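J.: Position chains B and C against the provided structure of chain A, taking the given hints into account.
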Amino acid sequence: MSLPVLHLRSRALPRTAAVLAGVALLAAWAAHWLQAQPDFNHGARVPVLVLAPLLVASAIGTSLYAAADELERTAVRRWWPRRLALLLALTVPAAAALALAVPGHPEAFGAPGMVRNVLGATGVTAAAAALIGARLSWLPMTVYGGAVYLAAPHTPGGAASVWAWPMQPGPQVGAWATASALFVAGAALYAVRGARRERG
Amino acid sequence: MNSTVKVSGLTVRHRRRTALDSVDLDFGPGVHGLLGPNGAGKTSLIRVLSTAAAPDAGRIELLGTEVGAASDHRGRAAVRRRLGYLPQEFGHYAGFTVREFVAYVAWLKEMDGARTAAAVERAVERVGLADRIDSRMKTLSGGMVRRVGIAQAIVNEPELLLLDEPTAGLDPEQRVEFRALMRDLGEHATVILSTHLVEDVVTACEGVTLIEAGRVAYRGTTRELAALGKDGTQDEFGGSPIERGYTTALRSHRATAGAR
Amino acid sequence: MTLTEAPVRRKAPGPTLLVLRAEARRGIAPWTGVCTALTLFVTMAAKADTWQGDWAETQGLLHSGAMLLTGPLVAAAACWQGARDHRRGTGELWRSTARARWSRMLMAALPLALWAVAGYLVALAASLVATWPYAGGGGPFLSVAVLDSASLLAMGLLGFGVGVLCGWRLAAPVLAALMYLVLGVPNYSESPARYLDPAVQYALTDRLLVWWFAPAMAVWACGLAAAALTAVAARRRLFALVPLAVAAAVAPLIVHTGDGLFRHDPAASHLACTEGTPQFCLSGRREHLLPQVAEALSGLTGRLEGIPGAPERYVTRLSGHGAAEVEMPAPAPGWYLLRGRLQRPEDYAWQVAVHLTRRECPDLHYEDTDGVRMVATDSAVGLWLAGSRAGLAPGAEKPLELRRLEAMPDAERRAWLGRYLATHESCDPSEVPAL
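Protein chains in written order, with the numbering used here: chain A, 1 to 200; chain B, 1 to 260; chain C, 1 to 435.
The hints are simulated quantities; they were obtained by calculation from the structure and are not laboratory data.
Small disclaimer: the values here were computed from a predicted structure and weren't measured.
Glycine included, every Cβ here is placed at the ideal spot set by N, Cα and C.
Some hints here could point you the wrong way.
Calculated from the model, a selection of chain A residues having no Cβ within reach of chain C, i.e. all distances over 12 Å [to be verified]:
| id | residue |
| --- | --- |
| 1 | Arg15 |
| 2 | Ala30 |
| 3 | Pro47 |
| 4 | Ala147 |
| 5 | Gly157 |
| 6 | Gly158 |
| 7 | Gly170 |
| 8 | Pro171 |
| 9 | Ala191 |
Just the calculated beta-carbon pair ranges, DEER-fashion [said to hold, decoys possible]:
| id | chain 1 | residue 1 | chain 2 | residue 2 | range |
| --- | --- | --- | --- | --- | --- |
| 10 | A | Ala181 | B | Lys138 | 31 to 39 Å |
| 11 | C | Phe239 | B | Val176 | 12 to 20 Å |
| 12 | C | Ala125 | A | Ala36 | 51 to 59 Å |
| 13 | C | Leu38 | A | Val192 | 31 to 39 Å |
| 14 | B | Pro172 | C | Phe41 | 52 to 60 Å |
| 15 | C | Trp102 | B | Gly169 | 53 to 61 Å |
| 16 | A | Val192 | B | Lys138 | 52 to 60 Å |
Excised from the complex, chain A in its bound form (with noise of 0.2 Å):
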């Protein structure tokens, strides 16, 4: 078997891949459900756009697990070029699935908000995934993402636009800022210093 197919199995990459591709399906499915409902906009797509995210970054973070960690940092060639290139592997695939899943609408909640939305997930579950190990990297980005959920103003963009970006509907500057900065910080600090290693 080669080496490549040998590495990303050691992954789990197609377990990873099926839940990557049933919930951009299921995505899909509650957009256009929630566009349907009598009274509803395209600004309903506000749930998809937060939590879908969510449980794919979830799916990337706990993929990111290393059985054999402790061989691999005494492996002769540098790892992070590996690493980097599986973080992008399974974000890029998933950000295009998951933005074909909200079409229409840029400006209310579809692809770019949604491409936004998992960029910036999948840099916090990276970096938690690097600092408290990829079982429990999923663990931040949900409670941040669910308290912004709550507590994010109903008015898109001023300050709200940095710190409430998950709930942004689309345009605004601040939040593509906010979600490139910790997409970039988080895939570089897992590609330097890998997953955490568990415990048991």
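T.: Quick look at chains B and C alone, frame taken from chain A:
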């Protein structure tokens, strides 16, 4: 001598591989060693004797009660109350303190409530962890965790004690104390010890059973096994008398098994 | 050991108590309680303006928050706890012990579920204490508290069962997402079966729940959870059919009653009125607001004092007896009411003035000059009675009719108003006096 453990025709299969093939054994009070190469079936035997796994065929009688596949769970529960088991891979709850974990096992073994606290302290003291009794298990080293494993196995003062690689991770001083503990326990209970370290067998065990490829290769006392090795050339095998006896017994078993 | 020591009077705790203490203090059980309480605190604090002062709003929001947010959280935490034996590799050792599997699992699941309920109760107590100084009549709804607690317990047990079955790392967040969907989606439906969902929103204002709803929901939720856990943990798995049957027996009762689960609160239709003329009447639960309402309308009533035809009664709901009643808005949190204080009293007075001068004339044509004049007159009277700029757009100038009315001498204005009020029921523009 009435046997605590009587096994006849025991067959255990593990994913299409036969781990134990129609084994007949019996053990009485005292300390018995279980030796054998890796994959011989020692762990399978211990697992089945501890009732953690069910056999595929055969009869097992523990402490006078039949516990094989065709028995009722009440009888099994009665046996389990008088049993102690330390698996090869000893899992534990890292957040519990030593006292809490051993008390948890005591509760699982349905020990009498009034006696438990004292029994927990005594068991932990016997394995030499009395000063760490209230520290969390995640702060303990590998050897200490293993000793907690031994403590939980003896907390209910079992009549049948099954230990799978109990000295793994223990330093030499702790191993000496452990063997003394085994001799102490062996006065009243049946202790079955599965190990790779022949010194454990020499100093702690009276009887030795060799398992090879799912069959019993040798049964006897430690002295007899050591005597087996005397005939061979000193340089050919090296090692202590008992290691030579072990290798001799294995070779002769393989020869007879091949001839069959 | 020490035979010379006097026998200790204190009995050593039995292992069950020790084990319960260990399970309750270690692991994620206490954290679950803390997170439940924290989540609810944040939810309630973020929306404090909408519920402080109103018992129904408080418990309604806490109920939604507890079920939709902390419910999935508790299920996820319990799922994590259920997978503990799989993660730690203790399954083999536990199989060789005497105690029944269901007993061991209940001992692991129950402390966590109870911590979650404790967190909820702490948040409930804090919210009730925060509402109590500003609240009027009525009181907390015990049914809702019982219902929420039982549902949280059930979600904990259910999550634990799922965790035992599925040791997958992602099981906890996936379960949380699924629970959020399962609990949240019935909110969008209209069928009576939605009342089987413990997370459905309850509109409790001026309504009461039937007494048997909370116990029935508790039986339904806990029955399902018990069935799931029994199927997973018990040796004779068929015993799971017993709680399942009990739950299935209760469910049709709830579905059949449907919207009938909410009874109208008799105290809500009882009107509490001030003494003297004119009378201000609010429905029973808001009696404590009468002084503030009277003060907000004091300008308006002062201007109408002594004028024949002035309204005798200001009520929140017209009873249809007599023309001397004027409707006024019912203050509620988020609607003129914030923490027991009436907000924007000028606007409130303006609303009452509009009601006072409004005519119910469906066939009238407002395009002809008479109709236009009548409307302008009504508007001017309303604006003058309100007394402030409440009805005018900021920066707009006062209409001509209003300036004329203000310029009138006092006695003449009173006489004019008397004639005006005499015709305020009529739909004939010619009867209405001109300005």
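J.: Could you run down the list of hints and mark each one as holding or not?
T.: Hints and how they fare:
1. Arg15: At roughly 8 Å from the nearest Cβ of chain C, Arg15 (chain A) sits no farther out than 12 Å, so the non-interface label is violated.
2. Ala30: violated (8 Å)
3. Pro47: Check fails; 8 Å does not lie beyond 12 Å.
4. Ala147: violated (6 Å)
5. Gly157: holds (19 Å)
6. Gly158: holds (17 Å)
7. Gly170: holds (23 Å)
8. Pro171: holds (25 Å)
9. Ala191: holds (21 Å)
10. A:Ala181 / B:Lys138: 31 to 39 Å: holds (35 Å)
11. C:Phe239 / B:Val176: 12 to 20 Å: Violated: the Cβ-Cβ distance is about 51 Å, outside 12 to 20 Å.
12. C:Ala125 / A:Ala36: 51 to 59 Å: Roughly 41 Å apart at Cβ, these two residues miss the hinted range, so it is violated.
13. C:Leu38 / A:Val192: 31 to 39 Å: Cβ of Leu38 (chain C) to Cβ of Val192 (chain A): about 33 Å, so the range 31 to 39 Å holds.
14. B:Pro172 / C:Phe41: 52 to 60 Å: Check passed, 56 Å falls within 52 to 60 Å.
15. C:Trp102 / B:Gly169: 53 to 61 Å: violated (34 Å)
16. A:Val192 / B:Lys138: 52 to 60 Å: Check failed, 27 Å falls outside 52 to 60 Å.
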